[in-house]
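Given the coordinates of chain A, assemble chain B with the ligands onto it according to the supplied hints.
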Amino acid sequence: MNDQRLIQRDATMSETKISARGVNVYYGDTHAIKDVDVDIRDRMVTAFIGPSGCGKSTFLRCINRMNDTIESCRVEGKITIDDEDIYDRKVDPVQLRAKVGMVFQKPNPFPKSIYDNVAYGPRIHGLARNKAELDEIVESALKRAAIWKEVKDRLSAPGTGLSGGQQQRLCIARAVATAPEVLLMDEPCSALDPIATAQVEELIDELRQNFSVVIVTHSMQQAARVSQRTAFFHLGHLVEFGETGEIFTNPKDKRTESYITGRIG
Amino acid sequence: MTDATAEGPRPARAHHGSLLVKDARTKARNAAETRFRLYGAIAVGIAVVALVGLLSSILYNGASAFRQTFITLNVYLDPDVLDKNGNRNVEEISKVSTFGYAPLIEAAFETAFENPEIGIEGVTASDAEDLISKEAAAQLRRYVLANPGEIGQTVEFEFLANGRIDGYYKGRVTMQSAERDSNVSPEQLQLADQLKAAGLLSTHFNWDFLTLADASENRPEAAGLGVAIIGSLYMMLVVLVLSLPIGVATSIYLEEFAPKNWFTDIIEVNIANLAAVPSIVFGILGLAIFINFAGLPQSAPIVGGLVLTLMTLPTIIIATRASLKAVPPSIRDAALGVGASKMQSVFHHVLPLAMPGILTGTIIGLAQALGETAPLLLIGMVAFVRDFPAAPPEGLFDPAAALPVQVYNWTQRADPAFTERASGAIIVLLVFLLFMNAVAILLRRRFERRW
Ligand SMILES: Nc1ncnc2c1ncn2[C@@H]1O[C@H](COP(=O)(O)OP(=O)(O)OP(=O)(O)O)[C@@H](O)[C@H]1O
Ligand SMILES: [Mg+2]
Numbered sequence: 147m148n149d150q151r152l153i154q155r156d157a158t159m160s161e162t163k164i165s166a167r168g169v170n171v172y173y174g175d176t177h178a179i180k181d182v183d184v185d186i187r188d189r190m191v192t193a194f195i196g197p198s199g200c201g202k203s204t205f206l207r208c209i210n211r212m213n214d215t216i217e218s219c220r221v222e223g224k225i226t227i228d229d230e231d232i233y234d235r236k237v238d239p240v241q242l243r244a245k246v247g248m249v250f251q252k253p254n255p256f257p258k259s260i261y262d263n264v265a266y267g268p269r270i271h272g273l274a275r276n277k278a279e280l281d282e283i284v285e286s287a288l289k290r291a292a293i294w295k296e297v298k299d300r301l302s303a304p305g306t307g308l309s310g311g312q313q314q315r316l317c318i319a320r321a322v323a324t325a326p327e328v329l330l331m332d333e334p335c336s337a338l339d340p341i342a343t344a345q346v347e348e349l350i351d352e353l354r355q356n357f358s359v360v361i362v363t364h365s366m367q368q369a370a371r372v373s374q375r376t377a378f379f380h381l382g383h384l385v386e387f388g389e390t391g392e393i394f395t396n397p398k399d400k401r402t403e404s405y406i407t408g409r410i411g
Numbered sequence: 057m058t059d060a061t062a063e064g065p066r067p068a069r070a071h072h073g074s075l076l077v078k079d080a081r082t083k084a085r086n087a088a089e090t091r092f093r094l095y096g097a098i099a100v101g102i103a104v105v106a107l108v109g110l111l112s113s114i115l116y117n118g119a120s121a122f123r124q125t126f127i128t129l130n131v132y133l134d135p136d137v138l139d140k141n142g143n144r145n146v147e148e149i150s151k152v153s154t155f156g157y158a159p160l161i162e163a164a165f166e167t168a169f170e171n172p173e174i175g176i177e178g179v180t181a182s183d184a185e186d187l188i189s190k191e192a193a194a195q196l197r198r199y200v201l202a203n204p205g206e207i208g209q210t211v212e213f214e215f216l217a218n219g220r221i222d223g224y225y226k227g228r229v230t231m232q233s234a235e236r237d238s239n240v241s242p243e244q245l246q247l248a249d250q251l252k253a254a255g256l257l258s259t260h261f262n263w264d265f266l267t268l269a270d271a272s273e274n275r276p277e278a279a280g281l282g283v284a285i286i287g288s289l290y291m292m293l294v295v296l297v298l299s300l301p302i303g304v305a306t307s308i309y310l311e312e313f314a315p316k317n318w319f320t321d322i323i324e325v326n327i328a329n330l331a332a333v334p335s336i337v338f339g340i341l342g343l344a345i346f347i348n349f350a351g352l353p354q355s356a357p358i359v360g361g362l363v364l365t366l367m368t369l370p371t372i373i374i375a376t377r378a379s380l381k382a383v384p385p386s387i388r389d390a391a392l393g394v395g396a397s398k399m400q401s402v403f404h405h406v407l408p409l410a411m412p413g414i415l416t417g418t419i420i421g422l423a424q425a426l427g428e429t430a431p432l433l434l435i436g437m438v439a440f441v442r443d444f445p446a447a448p449p450e451g452l453f454d455p456a457a458a459l460p461v462q463v464y465n466w467t468q469r470a471d472p473a474f475t476e477r478a479s480g481a482i483i484v485l486l487v488f489l490l491f492m493n494a495v496a497i498l499l500r501r502r503f504e505r506r507w
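Line order of the protein sequences matches chains A and B.
For the first sequence, my numbering gives the first residue as 147, with consecutive numbering after it.
For the second sequence, my numbering gives the first residue as 57, with consecutive numbering after it.
Excised from the complex, chain A in its bound form (with noise of 0.2 angstroms):
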């Protein structure tokens, strides 16, 4: 990074990392996001929060273009990482991913040992020269995620052996393995129990230090613990999109205000 651009964000905090304009997306004939513009910056956790059905997930998968994969997905409008349209021709969804880290709902580790899961991203994009190099990746990786107690031990142990949280802790270090600039949370901790929720939230919180983090939740406390900023999606339209205190202490718009406390949802 060159002194300019360190000058630059000091002046805004943050600039924008992701910007989207107008987004549509369709499944067949369901309309599932409704002309949603956003502005997501770097170095910020953003939570995504809503009813469910919302089209939070629908969104957040916009963002690495894992809707490419749905055959009757159908995306309009323009999404933009550091001002380049991910959406071009001239993109490769491949390379955007590797760009664009994802934790998905349901934990959803390979068939194969811990070490192995981890180790996958940075093999295929040659993150390593060496063995040695792969091993301290892997071990960082896990420690960021909070995991490396519980497994150092067996990290030729399959992935799908663990419990169902300490899986998800092992697909958040497989995210964070690669080394992207973003990284999409959807729901990571829905299989969670309190004090690994608790070691997910303070590693959310440390990665702010390098990518943005966009997080889909369904806790308006994790949401209010860890984002700094806040957005509501109600019935695929985004509602309100602010500071994190802002939305939680004076909400603008009603359905925010209704669903906060509890009484939409």
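For the record, the hints were derived by calculation from the structure and aren't laboratory data.
Bear in mind the structure is a predicted one, so any value in this text is a computation, not a measurement.
There's no promise every hint is true.
[To be verified] Below, simulated DSSO-like cross-link-like pairs (lysine-lysine); rule was C-alpha separation at most 27 angstroms, straight line:
# : chain 1 : residue 1 : chain 2 : residue 2
1 : A       : Lys224    : A       : Lys245
2 : A       : Lys277    : B       : Lys381
3 : B       : Lys316    : A       : Lys236
4 : B       : Lys398    : A       : Lys258
5 : B       : Lys140    : A       : Lys252
6 : A       : Lys236    : B       : Lys398
7 : A       : Lys258    : B       : Lys381
[What the hints assert, rightly or not] One-sided and incomplete, this derived list gives chain B residues near chain A with beta-carbon spacing under 8 angstroms:
#  : residue
8  : Thr154
9  : Ala158
10 : Ser386
11 : Ile387
12 : Asp389
13 : Leu392
14 : Gly393
15 : Val394
16 : Gly395
17 : Gln400
18 : His405
19 : Leu407
Yeah, the Cβ is synthetic: ideal placement off N, Cα and C, and Gly gets one too.
Just chain B with the ligands now, kept in the frame of chain A:
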């Protein structure tokens, strides 16, 4: 709550009786379950009985094909007959045909009759020669051509006994049946008994059944499965080499990469239909395309293999697609999510998980192909083939037989000795199938251990 009445009527509280007493519904359900289990057990029982019946009948009829009666004789390799010029020149010796060797065997019986224990009135040495397979002269000639230096010596030979004599020791031929049989007389059987008593006749395991080529109608004792086994192995080789890569590649493409449109739908429907096409149709296709159009030789394993490949492909494709479908989509998402390409996600994650299913499907397909008869009849694999095909790849174009066709062939022949051999051939076929299934299970274990 106590003030329920104030809030209006509430649904009556359900009353469950004692848990120690089964109510009527539970009893009915339990009875239904018991009945269902009984039906299942009966079905399995019927299947087991049928299987055991089938297997034991085949074993009963066929096991004896692996044992054969042999007669040991000391043959004097008479130089006056075999090598008149006395120069041991193989070319000149080879001018003596198998007919020239018959007197040597006759002479060997004359010698055997010098033993006072052997000899039946009215059975001459020439009659005794009929105890031995017509194959014996050829065996003798082969030996002499291979060892010309032993001409002039007396060598001990173990000859195949004639099919009737063999049948006598397997219970197929009796003294009574021999009386009505123009091919064997009761006296000859008595002579055989004497030979046996003298230790010159014995029945033991017969490797020749597995290694010799087919033999003509009147020498069942010399008929073997060698050519058929090699032909079947060659065909399986062709089928495996062609259908596994083509089938798996097709399935991966259709399942993972192909766009879903009317065209791929048509392909899909057609593959499913092909799996149901009667195999004889593939035979006609093979005859028309590979033999008449492409000009490949008849009754060659390559043509058989190609036809069986066409037949096996749908099976492999369907099995492979099913096992690819069974891989959870979350694994694909996970791979794509860390930035793997579509191909990496398929080859690194999906394919290994689908491997047990693919292998099982392939081996089932191969096993089906191994037992297939009808299409092979059409492409001329019924031919009577005495010569072993060469080593592959050239050998794939030489005429050969196939195991199931050999079974069919032998059941068509008049001599009851061939019935026994047909059952024996079925046993060999079953052993091959068992072996393939065992390999399938083993491979599956291996791949599953890697989760
Ligand atoms: N693969 C799909 N095919 C068709 N429709 C889909 C698909 N995935 C999601 N949808 C629809 O799109 C809408 C948004 O779904 P989405 O999964 O984004 O909701 P969500 O906000 O993540 O909900 P939750 O909090 O329950 O995870 C829903 O109405 C859903 O039915
Ligand atoms: Mg969701």
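These are the hints, each one checked on the structure:
Annotation: proposed proximity of A:Lys224 to A:Lys245 holds, straight-line Cα distance about 18 angstroms (limit 27 angstroms). At roughly 34 angstroms between alpha-carbon atoms, A:Lys277 and B:Lys381 are farther apart than 27 angstroms, so this suggested pair is violated. Taken as a hint, the B:Lys316 and A:Lys236 pair is honoured in the structure, with Cα atoms around 24 angstroms apart against an allowance of 27 angstroms. Restraint check for B:Lys398 and A:Lys258: the C-alpha separation of about 19 angstroms stays at or below 27 angstroms, so the hint holds.
A threshold of 27 angstroms between alpha carbons decides the hint, and for B:Lys140 with A:Lys252 the separation of about 92 angstroms lies outside it, so the pair is violated. This hinted pair checks out: A:Lys236 and B:Lys398 have alpha carbons roughly 17 angstroms apart, not beyond 27 angstroms. For the given pair, A:Lys258 sits about 19 angstroms from B:Lys381 by alpha-carbon distance, which is consistent with the 27 angstroms threshold. Violation of the interface hint for B:Thr154 is found here, the shortest Cβ-Cβ separation to chain A being roughly 66 angstroms, above the 8 angstroms cut-off.
For B:Ala158, the suggested interface contact is broken, since its CB lies about 71 angstroms from the closest CB of chain A, more than 8 angstroms. A distance limit of 8 angstroms between C-beta atoms decides the matter here; for B:Ser386 the minimum to chain A is near 4 angstroms, and the interface restraint holds. Interface restraint check: B:Ile387 against chain A, minimum CB-CB distance 6 angstroms, threshold 8 angstroms, status holds. With a least beta-carbon distance of about 6 angstroms to chain A, the hint placing B:Asp389 at the interface is held under the 8 angstroms criterion.
Here the hint on B:Leu392 is kept, as its CB sits about 6 angstroms from the closest CB of chain A, short of 8 angstroms. For B:Gly393, the interface hint holds, the least distance from its beta-carbon to any beta-carbon of chain A being 4 angstroms, beneath 8 angstroms. Hint status for B:Val394: holds, given a least beta-carbon distance of 4 angstroms to chain A, under 8 angstroms. For B:Gly395, the interface hint holds, since its Cβ comes within 8 angstroms of a Cβ in chain A; the closest pair sits about 3 angstroms apart.
With its C-beta approaching chain A no nearer than about 6 angstroms, B:Gln400 sits inside the 8 angstroms limit, and its interface hint holds. Satisfaction of the interface hint for B:His405 is found here, the shortest Cβ-Cβ separation to chain A being roughly 6 angstroms, below the 8 angstroms cut-off. This hint is violated: B:Leu407 has a C-beta 12 angstroms from the nearest C-beta of chain A, more than the 8 angstroms allowed.
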